[in-house]
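Using our numbering, the first residue of the sequence shown is number 1, and each one after it goes up by one.
What the hints contain is simulated information worked out from the structure, not anything from laboratory work.
Even for Gly, the Cβ is constructed at its ideal location relative to N, Cα and C.
Check each hint, because a few of them may be wrong.
[Stated by the list, open to error] The following label-pair restraints were derived from C-beta to C-beta distances:
hint, residue 1, residue 2, range
1, GLN45, ARG169, 29 to 37 Å
2, GLU116, THR81, 14 to 22 Å
3, GLU82, GLY168, 37 to 45 Å
4, ASP187, PRO112, 37 to 45 Å
5, GLU48, SER146, 31 to 39 Å
6, GLU188, GLU82, 31 to 39 Å
7, GLY36, HIS115, 28 to 36 Å
8, ASP113, GLN179, 14 to 22 Å
9, PRO221, ASN60, 34 to 42 Å
10, GLY36, SER98, 35 to 43 Å
11, GLU191, LYS152, 32 to 40 Å
12, ASP113, THR81, 14 to 22 Å
13, GLU48, SER202, 35 to 43 Å
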Amino acid sequence: MLFYASIITASVFPTLAFYRCTAAENRPDDVAVEAGFEPLFDGKQLSEWNGDSTVFRVDNDSIVGGQLQEKIPHNFFLATTEEFSDFELQLDFRLMGSDTNAGVQLRSKRIPDHHEMIGYQADLGQNYWGALYDESRRNKILAAPSKAELAKVLKPADWNRYRILCEGRRIQLWINDFQTVDYVETDESIEQSGQIALQIHSGPPGEAHYRNIRIKRIPKP
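Make a model of the complete structure from these sequences and hints.
Set out below in structure tokens:
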């Protein structure tokens, strides 16, 4: 079953709300919201997001995509109902399972009548940590970090933090304060606005956990 906000045609998917399914005392440590940032997820429900409710859920103040009991048949995305242009996005992530792959879509759009999204992706997973991938468009890695250097700060089985800065045609990525990407888009036909989305990639049983998701809008000059 899918849940979609009012901007998606109501006749296609029913609208649902998600609620926290664990006790408050099990929530992760609170993270102070820096000045200018606003939460995209309150740790309780997904009213500002749309996606497949059989795949994405709220658990322990985190958004969880995927499952550890069965294979993931294809890519799934949980997308914001709002679109963004220039912004700084911060969030914590953790992958569970063997060879789990996931990512954070930036300036992206849903492909009509399809499960895929098109747009930039801050990638997650073995051999892809911290890379910038172009999902369903050029279908290639646009920029990637030194694996050896990233390995010094990455905690593959634990919580890590992504910092994502999209300003003009420049996209910068950091994992645990280590910069993994500094990319400037040279193709002026590519739109620089769209939805933010959380992905769980097709593959073996696995879960992607996301929490403390917050955004700072950057006014255009």
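| Looking back at the hints listed earlier, which ones does the structure fail to meet? | Numbers 3, 4, 6, 8 and 13 - these are the hints that the structure violates, sorted from lowest upward.
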